[in-house]
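In case you want the letters, here they are:
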Amino acid sequence: MNVTTPIEQRDFKIVGKSVRRDDVLEKVTGEAEYTGDVKLPGMLHGKIKRAAIAHARIKSIDVSKALAYPGVKAVLTHENVPRVLHYGSPHPRSASCTKDQYILDDRVRFWGEGVAAVAAISEEIADEALDLIEVEYEPLPAVFEPEDAAQPGAPLIHEVGPGGNLVLDPVRVNRGDVDAAFAQADFVLEGTFSGGRPHPAYMEPNVCIADWDGSNKLTFWTSTQTSFMVRGILAEVLGLPLTKVRVLVDHMGGGFGAKQDLFQHEFLCALLAKETRRPVKMEFTRHETFVAGRSRHPCKIWLKQGFKNDGTLVARDMKLVYDSGAYGSHGPGVTIVGTTAATSLYRCENVRLEGRCVYTNTPINGAFRGYGVVQSYYALDIQMDEAAERIGMDPAELKLKNVVRAGDIAPSGHPILGHGLEICLQHGMDVLDWKSLRNRDRTPDPKRPHIRTGWGIGCEMHGSSAYPGIKEQGNATVKVNEDGTVTLLTGAAGLGTGAHTALAQIVAEELGVRFEDVGTIHGDTDVVPWDIGAFASHTTYLVGTAAKMAATKVRASVLERAAMKLQVKPGEIDLSEGNIFVKAEPGRFMTVAEAMGPSRGIPAANIVANGTYEPTKSYSFAAHFAEVHVDTETGIVEVKRVIPVHDVGRVIHPIAAQGQIEGGIQQGIGHTLTEDYIIDKKTGRSLNAGLVDYKMPLSMDMPDIETIILEAAPDPGGPWGAKGVGEDPIIAIGPAIANAIHDAIGVRFHHYPITPEDILKALREKGA
Amino acid sequence: MRRFEYHRADTLEQASRLLVDLGDDTFLFNGGTDLLVEIRERLRRVRNVVDIKQIRGLSDITYDETRGLTFGALVTVGRLENLPLVRQRYPNLRAAFASLGSIQVRNRATVVGNVCRASPSADTIPPLIADGAFIHIYSRTNMRVVPLAEFFTGPGKTVLAKGEIVTGITVPPAGDNAGKAYLKHGRRKAMELSTVGVAVSLTMEDGLCNDIRIALGAVGATVLRAPEAEAMLRGTSLDAAIVKNAADKAMEECTPISNVRASAEYRRDMVGVLTGRAIKQALEAFA
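So the sequence lines, in the order shown, correspond to chains E and F. To get our numbering, take the position in the first sequence, counting from 1, and add 15. To get our numbering, take the position in the second sequence, counting from 1, and add 392.
I should point out that these hints are in silico values taken from the structure, not numbers from a laboratory. The beta-carbon is built from N, C-alpha and C at its ideal position, and this holds for glycine as well. Just so you know, not all the hints are guaranteed correct.
Claimed, not checked - Distance condition first, Cα-Cα at most 30 Å in a straight line; then the derived DSS-like pairs of lysine-lysine: (1) LYS334(E) to LYS781(E); (2) LYS554(F) to LYS781(E); (3) LYS445(F) to LYS776(E); (4) LYS781(E) to LYS636(F).
Unchecked claim - A few chain F residues that don't get close to chain E, going by computed Cβ distances all over 10 Å: (5) THR454; (6) ARG509; (7) THR647.
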């Protein structure tokens with residue numbers, strides 16, 4: 016990896032260094048406690064009965080045999096749980112989600128939806144009892160494709176919402192005069208694009224444990240990105256004050272966005288525990304993470320763009336239809352973000368966009384890294400390549416000509432800061448000597464004449480924070496202990512990305528203590544300050560700034576106290592690496608521990624400060640350069656080499672940032688070539704809900720990745736200019752691969768995943 | 393995971409008796425890498441498992457120039473994969489073993505278990521069939537030896553009668569004039585079930601193909617031979633045009649289905665491509 020820094024340098028002690036993560040030892044020794052490791056005395060195990068029908072009304076449900084089964088302690092159905100209409104995603108005060116779920120309904124809207132829940136003394140007994148629950152269904156006509164669901168007269172999946180199976184009213188953006196611009200364009204490209212249903216398949220399946228105490232307080236362990244949202248929505252639906260719900264989450268095995276819904280099993284677990292007065296654990300099988308988890312919205316896109324003969328983009332008209340599945344979840348947010356993202360990336364003054372999100376009788380789609388933008392930028396970027404091909408221009412040059420620059424209006428409505436995308440693209444072209452790559456000898460290797468090689472570029476930008484959809488708030492509390500160590504309290508979740516390490520680095524840097532002296536407390540809603548959750552690439556940007564603000568305050572208090580002890584004015588001293596010294600006489604100093612600790616009848620200091628930050632948004636940028644080998648006999652595409660060039664502003668922890676980028680590329684390769692969660696379009700049944708036939712790339716399938724991080728366009732909204740990096744890496748790799756395949760075999764694909772069969776079919780059609 | 397009864401047998405006789413006495417839904421428990429997954433995923437209804445891992449005499453590997461390679465039912469895939477003899481004399485078996493599951497799975501799974509599961513896509517079966525392997529079967533009344541090619545009767549089905557237990561497999565010796573290959577086709581490079589698997593074992597004499605066996609995996613109810621393609625190749629120099637015609641014939645001889653992994657048409661296409669490539673690779677032994 017290579018970090019190139021054209022921005023202002025200062026003497027950082029901790030920021031910008033790949034310090035050893037604070038959780039690394041417990042993780043590699045297996046000591047780290049995940050939610051599934053929690054065991055409580057008398058704990059029961061819960062399981063969910065899932066419907067084997069895609070759309071139906073429940074005529075009757077008989078649980079008597081299950082209740083009588085030895086070891087079963089409780090069974091819940093729609094007849095004995097509270098009927099509260101609630102949001103599927105716990106962002107209830109934002110436009111990102113929709114209120115369309117009941118804990119259990121007398122209606123089934125997708126194959127695999129829960130219709131009953133059992134608690135028993137063992138997981139096996141609970142599982143066996145599911146078969147004893149007898150459900151009689153009245154089948155309803157089902158729709159599995161958005162086109163069918165949007166037809167007039169199509170069966171309605173919900174009574175709520177704008178009707179016509181729409182999750183929200185169409186999202187429309189109009190800017191400039193699109194029709195006039197098309198009339199003036201030298202040429203117009205028009206195409207349809209589609210994306211499959213990739214699934215995040217995080218390592219740790221969803222799991223929760225509910226325990227009620229004698230004061231009727233619920234303690235709830237759950238693997239979630241949004242513990243305060245879980246607390247809020249559980250309290251709302253269960254009719255409890257927030258003092259009676261405590262949510263705990265320590266280590267997580269990933270989430271990728273999908274663990275920011277409030278899931279049916281979480282309510283049911285709490286209710287089963289209440290009913291039995293015993294702790295209850297519910298853990299998804301891998302099958303359930305597919306069927307009852309959240310996947311990326313399949314999407315159909317129609318895109319028309321007008322260009323001048325010199326490659327300048329002048330008009331864009333785009334219609335997007337996202338498939339929400341049976342519930343709204345993050346459908347509104349994904350539709351808004353994915354649609355408005357198309358106002359940008361490649362600058363265009365005349366834009367007309369329309370985004371729709373449609374219910375279907377399929378498993379629920381939700382938030383997933385890249386949040387609607389993976390889909391829209393796949394189409395945008397590929398069509399830019401096509402425009403270059405049309406006029407015989409190098410696609411890199413055409414993209415360079417059109418990428419957004421400082422001052423252009425971002426999807427958030429703010430002017431973009433810095434020339435991040437232009438710099439990334441140009442840097443990659445320089446490093447690779449792109450011109451000579453384009454003009455390389457394309458004669459196939461005589462030893463492998465069936466292999467064709469290709470290079471492609473994909474570009475992306477993505478916001479840190481969910482503004483303007485959600486006006487966010489980051490909070491942090493920093494305490495200085497009497498031995499000079501520091502405790503950071505944060506509500507930000509640690510999905511496994513190293514976020515807490517980055518936050519501790521920021522506190523240590525700002526305060527002037529060693530990284531090892533900062534401890535982080537997180538994941539307990541009774542203890543840490545309120546947090547909106549870990550999503551939208553914002554933890555370092557948002558909570559990092561809040562932590563820095565709190566650290567600034569405690570630093571001033573520490574200096575004030577040290578000044579008193581040193582009998583100087585606070586302005587005369589400074590704090591660095593745990594030592595407080597008189598600036599004029601560096602030999603005269605005391606440690607933070609000495610400043611904080613008790614002495615001569617003075618008790619130890621109690622120094623605590625909060626930081627609260629309400630940002631707008633910053634954008635991070637990337638250009639991915641990918642080399643593929645296409646086997647023209649088998650259709651297999653191998654990604655051989657990827658050079659991701661990212662601008663993420665100030666880098667806090669280079670290896671963690673690199674890890675995010677490599678992981679995003681791995682997921683993006685999967686999206687583009689092998690991963691697709693397939694729903695049978697006749698029955699709504701899942702055909703590959705498991706890791707045998709849902710093909711994620713493994714380490715053996717990974718290309719060489721040469722990560723380049725440029726600190727090209729820092730954003731004053733983040734700590735020392737830091738921006739997000741979480742979502743960006745998954746967005747640009749898809750079009751880079753698709754464009755590289757075209758470079759290799761001369762065939763355009765407008766969909767993902769691009770399968771070996773698609774490649775062979777296209778090659779035959781081309782040959783014919 | 394559904395509950396089941398665990399039984400341990402210390403002798404073949406005891407295991408065989410348990411298989412009969414415990415009735416339907418009783419299965420031998422060897423490596424367990426397939427069986428336990430099938431129980432957990434509810435793909436197989438299991439009431440009893442009979443653990444045979446403590447039975448003596450089933451863990452041996454022997455080789456001699458006349459009889460060939462013999463390994464017992466408890467020999468793991470990983471052990472055979474890393475055996476120098478297998479690397480040197482049976483590159484086809486080596487390729488199949490090394491492509492099965494993951495290292496962790498291979499250290500647990502047995503070749504005999506993979507064979508007895510009788511999956512049409514099992515990696516170990518095509519090269520064993522192409523090599524003309526035999527399977528040793530124990531029963532309390534008479535022991536028998538069956539050519540592996542005659543062992544399978546359908547997907548998951550074999551000629552084993554109730555109470556019969558496979559004790560080992562013998563692969564004929566690999567002569568100096570032999571060329572062997574196994575090519576597995578999937579969507580990724582590890583932890584993959586084959587979409588198509590093609591094994592070729594051939595012998596050459598004076599520049600002509602003396603004998604050839606082609607075995608096709610995942611394109612029929614069992615692993616298939618391609619007898620007509622083989623007939624076209626015997627006695628020829630295996631030049632490119634002949635190989636191309638035989639590969640086309642192999643495409644006609646297979647009977648693939650469409651499923652979530654691939655369409656029948658694609659599988660058939662891959663039989664053609666892989667048969668040609670496997671013959672080419674087998675011939676590299678003589679280069």
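Hints, one by one, checked against the model:
1. LYS334(E) to LYS781(E): Since the Cα atoms of LYS334(E) and LYS781(E) sit roughly 29 Å apart, the hinted pair holds (cutoff 30 Å).
2. LYS554(F) to LYS781(E): 55 Å, violated
3. LYS445(F) to LYS776(E): Violated. LYS445(F) to LYS776(E) sits at ~48 Å, over the 30 Å cutoff.
4. LYS781(E) to LYS636(F): 22 Å, holds
5. THR454: 33 Å, holds
6. ARG509: For ARG509(F), whose nearest Cβ neighbour in chain E is about 14 Å away, the distance exceeds 10 Å, so it holds.
7. THR647: 19 Å, holds
Violated hints, listed in ascending order, are 2 and 3; each of the other numbered hints is respected by the structure.
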